[in-house]
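J.: Single-letter residue listing:
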Amino acid sequence: MTASLSREDVSAVAVLARLQLSPEEVDVFTSQLGQILEYVDILNEVDTTDIEPLAHPIPVTNVFRDDIVTPSLPREAALSNAPNTDGKYFFVPQILEEQ
Amino acid sequence: MEFTTIIGLEVHVQLLTKTKIFCGCANLFNPENPNVQTCPVCLGLPGSLPVMNRKAFRLAVKTAMALNCNITPFTKWDRKQYYYPDLPKNYQISQYDLPFSTEGWLDIETDLETGESKKVRLIRVHLEEDAGKNIHDETGRGRDSRVDLNRAGTPLLEIVSQPDMRSPREAYTFLNELKLLLTYLNVSDCNMQEGSLRCDANVNLHVHTDDGHRIATPLVEIKNLNSFRGVEQAIAYEVERQQEQWRESKLTIDDSPKQTRGWDAERGVTFGQRGKEEASDYRYFPDPDLVPVVVEESQLQELRGELCEPPADRRKRFQTAYQISSYDASVIIDQGLAFADYYESVASDSGDGKQAANWVTQDIQRELNERKLTIDQFPIRPHILSTLLQRIGSQTITVKSAREVFAELLCRADNDESLSDDLIDGIIDANGLAIVSDTGQLEETIEAVISRNEKAVAAFREGKQAAVGPMIGQIMREIKGADPKQVRQMLIDKISE
Chain Z
1 MTASLSREDV
11 SAVAVLARLQ
21 LSPEEVDVFT
31 SQLGQILEYV
41 DILNEVDTTD
51 IEPLAHPIPV
61 TNVFRDDIVT
71 PSLPREAALS
81 NAPNTDGKYF
91 FVPQILEEQ
Chain V
1 MEFTTIIGLE
11 VHVQLLTKTK
21 IFCGCANLFN
31 PENPNVQTCP
41 VCLGLPGSLP
51 VMNRKAFRLA
61 VKTAMALNCN
71 ITPFTKWDRK
81 QYYYPDLPKN
91 YQISQYDLPF
101 STEGWLDIET
111 DLETGESKKV
121 RLIRVHLEED
131 AGKNIHDETG
141 RGRDSRVDLN
151 RAGTPLLEIV
161 SQPDMRSPRE
171 AYTFLNELKL
181 LLTYLNVSDC
191 NMQEGSLRCD
201 ANVNLHVHTD
211 DGHRIATPLV
221 EIKNLNSFRG
231 VEQAIAYEVE
241 RQQEQWRESK
251 LTIDDSPKQT
261 RGWDAERGVT
271 FGQRGKEEAS
281 DYRYFPDPDL
291 VPVVVEESQL
301 QELRGELCEP
311 PADRRKRFQT
321 AYQISSYDAS
331 VIIDQGLAFA
341 DYYESVASDS
351 GDGKQAANWV
361 TQDIQRELNE
371 RKLTIDQFPI
381 RPHILSTLLQ
391 RIGSQTITVK
401 SAREVFAELL
411 CRADNDESLS
421 DDLIDGIIDA
431 NGLAIVSDTG
441 QLEETIEAVI
451 SRNEKAVAAF
461 REGKQAAVGP
471 MIGQIMREIK
481 GADPKQVRQM
491 LIDKISE
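Chains as they are written, first to last, in this note's numbering: chain Z, 1 to 99; chain V, 1 to 497.
Chain V with its partners taken away, still in its complex shape (with noise of 0.2 Å):
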């Protein structure tokens, strides 16, 4: 008997628009502020009417081409009517028969080593608003629920996805990757903490018995994920619970309606809670204060060039264009696009890709953490480090000096001085760092070496390799730019004469 996991995701995010999507309150996460971005539409008092923010409408159009979806030219809002203390007209105003995209896919990477990647496929995407935010008594005694409304009515995309992820990693790699690409796309923040991205799964099992039949297991949906380790985690121990239930109870997906269960991240266990109310049970009709939409071709045609390049094909163009490795290309797309912007800015004018991956995903990647800046931030900018790593490329300077001269370069800049190609040189000079390519020079310090080190160089002669380290350090110290694997070459070889 073996199982397949079948995993379906519902992401719900919130658009970057300055003000809500049918008023004009601010859009922001505020909680310390409760109800304070509210007004007579989204407390949903009678007489008030809601519009249509243009650019909330823009960025779940350009997200759903970035999604490759179709993009229905007629659509129009519905009332979702359920009733719920968050919601104060009692109904949410959603999409359900018209919505304004449908049948896109998200490329993920399956294998980081490989290259190899899957599509999933999405079913649609739909503009709606989101709910206010309840705050539950935990003290246990039953207190009352407190209710924030500033949240009501940001504009909220849900994107749902077919039932095309066979693992909890795949769910996890599909977020990331969506994350990645609403955030290249600066459609959303995609922060998890503050809820701008939310997820639901719905997970299954299909049970292959030794007979050769399929059998599919009770539908779950899990509510309440709010990290993607979260989602990952919660996948994993549902897929374990229902194979258990699976044994135990032979129950089928015709046996029992869908599930809803929550998460409890610290118990790391799901647990279940009411059940969903049917989907008719939401009663939809279409809103009659509100207009469809028409969207025409030329507003798509303008929308397609304010797209950017997919973070996946960029991955894809990192490695080919700069050759580098798979693992590095995923590292810097995942840092964000002004990260990537940076590391390609670096790539391209130094010439050397590997040279600018590993010193944006390493040295700047460092001083980023401890500095607690964003690339943004960063003092020193592609065109200073392009110029010092093509003084490494041109044999100017070792990368070990070049490291002294870019921790100097944060220095200067620490106090206030232009970065510049003049100051790199100047550092350079100052301190000795160019590479010493006089092998008349390097040679008559190698001999004095020699002489100085009978015991060191005696060991060397029976065998002992590492005797020559501490010669090729004294040798460094009297020629600072001397390139130590020249050194070293040299110094074996006129001991070994």
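Next comes chain Z alone, as it looks inside the complex (with noise of 0.2 Å):
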């Protein structure tokens, strides 16, 4: 398999990170982004016929915590990086429903 990048596949991934490109961006994008993957493809000369789908990097399993309670962030800590606050609440724009 070799990656190619087609201009519609950046727009569909801009759409999808609620990013908005120009023409210009797009052509930038898909020419920047193709060259990425096109150096990602390298792993493909490996290969991988009998090698089962890895879950995890690390041969590590079952690791858990105790279901107790430890201290919470103050709320003004939590809400110190929002652009947008009341205080109480995050603020973000209006979230409008696509029809």
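Honestly, the hints are just simulated from the structure, not real lab data. Since the structure is predicted, the reported quantities are computational estimates derived from the model, not experimental observations. Positions of the beta carbon are idealized from the N, C-alpha and C atoms, including for glycine. Please note that a few of the clues may not be correct.
[Said to hold, decoys possible] DEER-style ranges, computed between Cβ atoms: (1) V:Arg304 x Z:Asp47: 55 to 61 Å; (2) Z:Gly34 x V:Glu266: 48 to 54 Å; (3) Z:Ile51 x V:Asp313: 45 to 51 Å; (4) Z:Glu45 x V:Arg121: 40 to 46 Å.
Make the complex out of the two chains shown on their own, each in a separate frame, by following the hints.
T.: The following block contains the structure:
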């Protein structure tokens, strides 16, 4: 499989990422992202015919913690990075349901 | 042309843990205090690491076992990517291709009279994290939406059924049975008002054309269903709408993608919503921050031991073991585990399941409603009620007198008196409630009453049956413990002599 990225692919990903791209930006990203994919494509040279898919890179399973409450952040700290709040809630621009 | 309604349900249930699924923040419904149960993990801050809550995983497996699912020996967590303000990481930790359980089923009773039931198959049950809550501006002035992340990271089970339900009523029954099972297992409180149980319904029709073809209509997913009644009503509305749409457009499932519709409970209609992203658009991939879980057979054994008798089985057993109607058994089971335990204790101790059913579903239920108590808080405990019912069974007192004793016991309990068997017998004695089986004393009283009521006696002899009523009343007032049935018979015999 060789990676070839189309302008449509880039536009589709932009929609999913809630990014608005100008036609020029689509061109730039199609070329740049395409180069990255081509580079990653080197991995396809490895023969993986008899290799089991990996669920996790390190062979560790069953890491749990006990169901014990630990202190949460004060609200002020939780909200401190938010661009807009009323001191109680995070504020975000109105969420519009697309019809 | 005939239509078959095809319904599948997707149910989300919050688990009853103390903390969230991947961090130690409290798992508490707390809308009055937004954003006080958050930390770097559930806020999705860079560099934070999620760690699985052992209790959440146990509750999840326990539930899936009770739902007859296969438990996957090796399970992992995946990132489901989508952008929405209630999802701080921009992905939800969920399960994609290796959910911890698959292929279960739940029996639902489709006919209360006959006890007929059907199996609703389950595709899978998986464990994921809940999102936060968006509060939209409803003034229509386009103000900012507010976001409360208290709920973000609450352990959430997703239970997905096969499209096995065929009517809005069956969907309702499925949800009710599922809720009962989950509350009996004590894995979730299933409180719909607080959002701990939420439901989406997938609905379409199979059209059976006159020339023998079967055609499926476009699939609709109804979201935003926040009551069981709402689920039933929304599906019923959808069925009508889809039948009409079929007649007008003849659109089939191949002509249009799955549509998402909301339910407006006030207007009683469904309405079109945003198109759902295709499954592949979620770009799932294994979450590298979480390690897989291997479930050992020994753990399954242990959890199997913690399972309770399913409400459906208990309902059937109550009918056969205590000789009660399917209706009474359902009423008792529907009241929850503590209520069913209370009933069972009284039914087995008193030896009269029917009498016990009458008392718990009527007298006790009424007191609980009036006093706004749960059965655990009810002052008359099962052994006391059993003794009272035994006094009826041994014909020491009548059912009517037992109600007097019951009321008196409640009064005494309100005055902080402790209730005992002796107290019951004391009340019976003090109020002369014991059934008088001494027919000599009864006969004397009956004769005296007859001689005082010549008019009524004459009226009865002329065929006016009701004339004995007042006389029975007079006799009962004089001999409180008399059995009204016996009094009536003796009185009629005497007059007819």
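J.: Now look at each hint and say whether the structure bears it out.
T.: Evaluation of the provided hints:
One distance hint, 55 to 61 Å for the beta-carbon pair Arg304 of chain V and Asp47 of chain Z, is violated here, with the actual separation near 44 Å. Our hint of 48 to 54 Å for Gly34 of chain Z and Glu266 of chain V holds, since their Cβ atoms are close to 51 Å apart. In this structure the hint that Ile51 of chain Z and Asp313 of chain V lie 45 to 51 Å apart at CB holds, the actual value being about 47 Å. A C-beta distance of roughly 45 Å is found between Glu45 of chain Z and Arg121 of chain V, which places it inside the suggested range of 40 to 46 Å.
Taken one by one, the earlier hints fail for this structure only at number 1.
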